[in-house]
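Make the full structure from the sequences, and use the hints.
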Amino acid sequence: MLELDCRGLVCPAPVIELARHIGDVEPGGLLGVVASDAAARVDVAAWCRMTGHEYVGEETADDGVPRFVVRRVS
Amino acid sequence: MAGPRVYLDSASGERLHPAARQAFDAALDTAYADPRRIHHAGRAARLVLDNARAATAEALGVQPDEVTFTSSGTEAVHRGLLGLHHGARGRGNRIVHSSVEHSAVLHAAEWSGAPTRVVAVDATGRVRLDDLDLTDAAVVACQSANHEVGTIQPVAEVGRAAGDVPLFVDACASAGRLALPEGWAALAASAHKWGGPPGVGVLVVRRGSRWRDPFPEDERASEHGVGFENVPAVLAAAAALQAVVAERETENVRAHGRVGWIRRVVSDLPDVEVVGDPTDRLPHLVTFSCLYVEGEALVTELDRLGFEVASGSACTSSTLEPSHVLAAMGALTHGNVRVSVDRNTTEDDIERFLAELPGAIERLRARL
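Protein chains in written order, with our numbering: chain R, 9 to 82; chain Y, 68 to 435.
One or more hints might be untrue.
[Claimed, not checked] Okay, the calculated bits of chain R under chain Y, using three or more residues with CB under 8 Å as the criterion:
id : stretch
1  : 34–41
2  : 48–59
[Stated by the list, open to error] To spell it out: a stretch of chain Y is covered by chain R in this simulated footprint if at least three of its residues, at any positions, have a beta carbon under 8 Å from a beta carbon of chain R; those stretches are:
id : stretch
3  : 356–370
4  : 397–403
Keep in mind the hints are simulated off the structure, nothing from the lab.
Please read all numbers here as calculations on a predicted model, not as lab measurements.
Virtual Cβ for every residue (Gly too), placed ideally from N, Cα, C.
Quick look at the structure:
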């Protein structure tokens, strides 16, 4: 899984990074957004709904920061 | 910037209704004394206050002795919710509230120290009755309509489900524009949301409700209130409320149509999401969120162009937390804008706003 390090970035930067890099994975592939910003939890899922990608769920990175996992649909 | 500035934030504070200005002016000269003194000037102020109370009660469809004027909608929320909670001791102790209540409700619940339980909402922001769990509940709080996204709440159904657990309704977003819902024990409203002056709230406590003052007693004041009312402002608030209620059938149709127009145009913009219920909603406000845009930057850019709007995005709030309303709905929290119209808004205002908005969003996205 490709991982985007968005620690310390505030909204909407993590979602902008996500949009920039979703093309870096193949359709069906996973992209993880590691973000400390409180808004990312809602906004990554909302981005998936608005753009037709799949929100897989939330994990935790080794340092305890949440990782929001997205599957590229097309 | 072309043309005059356009105020599109009536949901934060509506422009003073002409009826309010007239009443305020008249009352300044006659209602300066303490309405609880028995001398002539005091009795004159008392008469004005009682008239305002009677007019407010009639416009809201409640009894005059159920109405108390407070110093703000927030104070009415605090007194209403916490008074029901305090009066209900001996049953449960829990405060149950929806996830999309105004922060005044959330802060009051937290301040009480009582355990709380949150009722979830659906994607439109409507309270999910299937998530209403009243175990140990002392009081339930459910707003009449959501202040950020406009969705109207099923208050009467919540009240029926609550049974003998008292229901507190924060009606600040809808009072004046919409008739009050049914089934509650105490309710709060705010005059500057209907074109009255700021600094006047209305607390309605139903006869027979178990309400007990949660704050220090004030034996000079009315049963449910505290302090010396701002009598001229209270009269102005009542005059505005009467006028707004008399006009609302036509005004609401007009506002609903204009907001519907904004919703249609905005929902066609790329990567923009309009949130809240499209039909069962407050007539005068709409909220939308734009991907890849900071809410603060969008508000600032629109202000530069002459349009005054609100935002629930984290970077525009004092807490730097995203709007708990948008988060509870699962709606995009960044790039958020709330637009609200009032009786002074013109079609030209909206046409100009809709003409400038797409360019404003595109310019901000291009900067990234």
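State whether the coverage of the stretch 397–403 of chain Y by chain R holds or is violated, taking the criterion as 3 or more residues with Cβ-Cβ distances under 8 Å. holds (count 6)
Go check the stretch 34–41 of chain R versus chain Y for me, would you? Three or more residues, Cβ under 8 Å, otherwise it fails. Per the Cβ count (0), the hint is violated.
Mind taking a look at whether chain Y covers the stretch 48–59 of chain R? Criterion is 3 or more residues with CB to CB distance under 8 Å. holds (count 9)
Quick check: do three or more residues in the stretch 356–370 of chain Y have a beta carbon closer than 8 Å to a beta carbon of chain R? Since 5 is at least three, the answer is holds.
Hint violations for this structure: number 1 only, all remaining hints satisfied.
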